[in-house]
Amino acid sequence: MNLEKVIFGFFVLLAATLNFGFVIGDISDPELHNPYELVAALVVSLVATVLKFGDRTQLGAVHLATSLVADLQLVAAATVWAYAASTSDGAVSGGTMASIVSLAAGALLANLVSVVLLVVETVSYQRR
Amino acid sequence: MGNPLLTFWHRLLVAPTQRPRPAHLSLLDEPAAASAPIFLVLRRMRAPLIVLILIFAISVVGLSLMPGTDAEGQPHRLSFFDSFYFMSYTATTIGYGEIPYPFSTAQRMWVTFSIYLAVVGWAYAIGMMLALLQDRSFRQAVATERFRGAVARLPEPFLLVAGYGRTGQLVGRALDAIGRRFVAIDIDPDRIDALDLDALRADAPALVADARAPAVLVRAGLLHDRCVGVLALTDDDEANLAVVMTTELVRPGLPVIARTSSVVVGDRMAAFGRPVVINPYDDFGDHLRVALHAPTAYQLRQWLTSPPGSRLPDVTDPPLAGSWLVVGDTPFSAEVARDLREDGLPVQVVAPGDDRSVDLPSGLSTAAGVVAAAGDDTFNLSVVEQARRRNPDVFVVAQHVLPANRPLYDASGADLVLVSAEVVAHEVLARVQSPVLWQFLRDLARAGEPAAQALRERLVVACGEQVPLLWTVTLSPDGAPALAPHLSRGPVRLADVLRSPQHRDSPVGAVPLVLLRDGSAHHLPADDTEVRLGDCLLLAGRPAVRRALGTTMEDAATAAYVLSGSEVPTTWVGRALSRTSR
Chain A
1 MNLEKVIFGF
11 FVLLAATLNF
21 GFVIGDISDP
31 ELHNPYELVA
41 ALVVSLVATV
51 LKFGDRTQLG
61 AVHLATSLVA
71 DLQLVAAATV
81 WAYAASTSDG
91 AVSGGTMASI
101 VSLAAGALLA
111 NLVSVVLLVV
121 ETVSYQRR
Chain B
129 MGNPLLTFWH
139 RLLVAPTQRP
149 RPAHLSLLDE
159 PAAASAPIFL
169 VLRRMRAPLI
179 VLILIFAISV
189 VGLSLMPGTD
199 AEGQPHRLSF
209 FDSFYFMSYT
219 ATTIGYGEIP
229 YPFSTAQRMW
239 VTFSIYLAVV
249 GWAYAIGMML
259 ALLQDRSFRQ
269 AVATERFRGA
279 VARLPEPFLL
289 VAGYGRTGQL
299 VGRALDAIGR
309 RFVAIDIDPD
319 RIDALDLDAL
329 RADAPALVAD
339 ARAPAVLVRA
349 GLLHDRCVGV
359 LALTDDDEAN
369 LAVVMTTELV
379 RPGLPVIART
389 SSVVVGDRMA
399 AFGRPVVINP
409 YDDFGDHLRV
419 ALHAPTAYQL
429 RQWLTSPPGS
439 RLPDVTDPPL
449 AGSWLVVGDT
459 PFSAEVARDL
469 REDGLPVQVV
479 APGDDRSVDL
489 PSGLSTAAGV
499 VAAAGDDTFN
509 LSVVEQARRR
519 NPDVFVVAQH
529 VLPANRPLYD
539 ASGADLVLVS
549 AEVVAHEVLA
559 RVQSPVLWQF
569 LRDLARAGEP
579 AAQALRERLV
589 VACGEQVPLL
599 WTVTLSPDGA
609 PALAPHLSRG
619 PVRLADVLRS
629 PQHRDSPVGA
639 VPLVLLRDGS
649 AHHLPADDTE
659 VRLGDCLLLA
669 GRPAVRRALG
679 TTMEDAATAA
689 YVLSGSEVPT
699 TWVGRALSRT
709 SR
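In order, the protein sequences belong to chains A and B. Under my numbering, read the first sequence as residues 1 to 128, first letter to last. Under my numbering, read the second sequence as residues 129 to 710, first letter to last.
These are calculated hints, taken from the structure and not from any lab test. Just so it is clear, CB atoms sit at the ideal spot from N, CA and C, and this is done for glycine as well. Some hints could be false.
Distance condition first, Cα-Cα at most 20 Å in a straight line; then the derived SDA-like pairs of lysine to any residue [said to hold, decoys possible]:
#1 K5/A / Y125/A
#2 K5/A / R172/B
#3 K5/A / A175/B
#4 K5/A / R171/B
Where chain A lies over chain B, by a calculated footprint (3+ residues, C-beta under 8 Å) [unchecked claim]:
#5 171-177
#6 204-210
Looking at chain B on its own, in the form it has when it is part of the complex:
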């Protein structure tokens, strides 16, 4: 931007919306790469083009030198233009056939020679062109270019998903279902192809690339103004760490959710800004404990963090006391055994034999629960089957490894199936939907069963068995322009805000989950809680309820009706009349 006036306007108009970023980052932008495919074509087509030009030159000059005769038999040579015209339609195999006079033998000989020359030239040029289109580096350049363009043109806020494996896929589909846009990178072309085949509502730009390279993340929109968060979900801990690191160094403060299966890597991630680190193995134990002690809270947690359209899952009925049998010798089984012991339950760990034989001890017949966690689906399933046969009442927990075996687990009759990808996906979805939702669900597990059961009743009455929509409303002049004037006059009861815009005597059908005020969260606010300007509400309800509440928030007449029952004239004439009558 050499023009000082342009620089001035740019600073004046554009700069405030952009984040300040260190100057050296411009190195990552690679602006010249924008036309990379064109340069690649030009460079590779040099030789064929020169061959074509030379062939044309030889043919044209030669043809114009060949002696011929005109209609009266006088000597006549084709002019340069006529020869060029003739060679153009002949060499390109159009064969128009228009010539001023019949050719002499010399001219015919030269034309014969030229035709063969031209055919070779064209075959060479077209062959090179087709080879170029098939070329891997060229296709990569084109794909990268398209991806960069698609990311740059994304009109809505989007999340950057690094790693589109099982977890990434679950998260991606769920994000798409709740109407969030995302950009995906994965090192495996098959997964990116799978994304292209996935029936997503919105187009998700995807690229085959290594997320560990900062330039790749930048290409995927890390510096884009509408990039609102990064999800590091690859199955490689080091790669996830690299993503966390790059994000914090390149765009400090951008929310990051990273998955890891190692506590050490998790600690290293925590050194870069404030990433949310999800360790599925760590979380299994937490899941199991919640499922054992607060089955309804667990049921709600699974339900509220699943993609739209999911039905209320069955509630588990775990035994409260008794000994547990953990089968397996994986980090997961060790974690589960430790968590159960911390709960004061007697735990017996059974390692599978060297020949992978399943040898359940006699304690099984009196055990309260069995955890099959050997890191191997066939083995886990055989443990489930044996346990069921020998003790039909035992509570069976199974770790599910490969997605393809899902139907087998469903048929096996395990009471609780834990899948690492799903554990991560549920938590990611909860955290993406609202920063306070996950904490709310954790606290719900501690609040005791009656509270969770009451909430379940309320949600089922308000929203049915389908998972409710969760959304956040900020009671500020920006978030609720119609309500803000009323709130600024004094606090309003929460139940009054949540009345139906059609009939204010009945509630609109939204369940307030969390009230956020001055940074502290109040869970399940009661109806007579007073809301103030600046409060933030996390609500659950049907999509129609969200639209109805939207009118309360944004339309002054609706807001007045909902809060006080008074009908405010909405037209200019009506307002003028009501002013004079007052």
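So here's chain A without its partners, still in its complex pose:
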């Protein structure tokens, strides 16, 4: 067992699960989407990105690209939320919430690709 692989798999998977947890629920209902979960998803996604730095294989490059996409989407979601909250004194309207969640859903897609890549890498890994 390789500790580095465990940590890597852990963060990639955790980024996807947190992201999924945030996205799930009615897209326009602010009650169903916890800001702490978004922050956790963003932080874990950033850590996963850094873990993918410096891998010069083709698979590593695609891994990094998916992570960067996820980061970008999550940062956009967080920015929209922060801006909307500051202009409407904390409360977020249903429409704004929908756009935040849809941005996060885009990140979820990227994270799912990451997980698929991880699985592909694991399945094609041969050392007996």
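Position chain B relative to chain A; hints supplied.
For chain B alone, kept in the frame of chain A given last:
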């Protein structure tokens, strides 16, 4: 190149100019290494970056959880964005100081904790970054990358110099002085540093690397289209052999000049293509013989193969007959003794004693010459000194080993000082300047003293005491577009081509050394030699003469004036008028 259209254009436009090369050589190119330093940074910065992200996350989330109050005393917590904003300017020590409401005690406690956490995180990250910049492998990666870029961007034809020791330095400086570009590799960082400090006119990319590795030579531009030759000048015979071998296998046919001090290695080099092998020890004897039998030819050889700005060296005045004393027990002294014996001169070899005592035999007082060749400067100098004292008229030849001792040899009054690095450098320079120059100089030594003296007179009259510029002119439609139409109508006298473009009654001042026609070289062509289309001339003259002759070669009106004395109109109107008046 996956796009078939791109492949098609590439084949159509680029392929013809490139040499065909075996497919397996792509292994040597290492394209991925182009971003090696970046990957190294990313890889090493993983841990510090993750620590920073976690510290930020903890601080921001913690701060947003801390209870506080707003201006009216109502409970209020910082939003995520406000905490992130606050932590950003605090953790980076900017300390902007803008907060919506004064902090509660809980918030202050958390901020205090976060500040210490952030300072540790930043110190760790910056420390890692600085350590990385100091890291040897990182600096090597950056230097290699810069070198590769500099070589790839070289705009002019260049030579690859493997080994930048004494010989390499002499050759490099001379190449730079005659306006040739070169790329240097050496295994010793000090020599590469010395190259950086050298006041060269053009920038010479240099790398600390082992020239024996093929990948290093490829990185230094061996496969580059503008690489016109390889000079293997390291002081390691095996390394030079490896360079010759790699060049012939990777780019067959590329000119190679290699130095060796071993006949066996020289033979092994000759098995790879047609390298020019220079063996300084072998050449010493040749030098000495030329210096003895044809002092003027020797003087010219040294002069014409020295870098620009060199003055005409003094002519040696050797004794023609008499016995010789060779002091030393090195390969060089053995070689010299053999060469002198082959010339029919009586030679006595004196080996230095075990305690390095200098004990010159009584034969010295009647000897014609002494060769001090013990492979040791102090010993050689003491031989020179003793010989001079006991027989002031004796001709003294000394082998010079360490460059630092040069002034001592100059002061010692030795008649001829032979330096291995200089012997090699002179020959390399001659061969780089023109492939026929070296053969010409060798033949000049056989042609006899009067011929050499006459040539010296001509050169000194034409160019002065400074070494003349040597250049090659090809009388082809490409090399001399203005002259080619005249030559295609029939042969022209050489003297007519070499008239001055200002006043055709006087010569331009170029001395033709070699006329190359159909692969055979005619040395010192006479004035009434007829030149034809396709001939190649090796000329000597001042730089201004080269420019003047350039106009004769390239400007149709000048060519017509020089050859026939007729003024051809150069403007469109003038040409139209002259056509109607005809």
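Tested hints:
no.	hint	result
1	K5/A / Y125/A	12 Å, holds
2	K5/A / R172/B	17 Å, holds
3	K5/A / A175/B	15 Å, holds
4	K5/A / R171/B	15 Å, holds
5	171-177	holds (count 5)
6	204-210	holds (count 3)
Checked against the numbered hints above, the structure breaks none of them.
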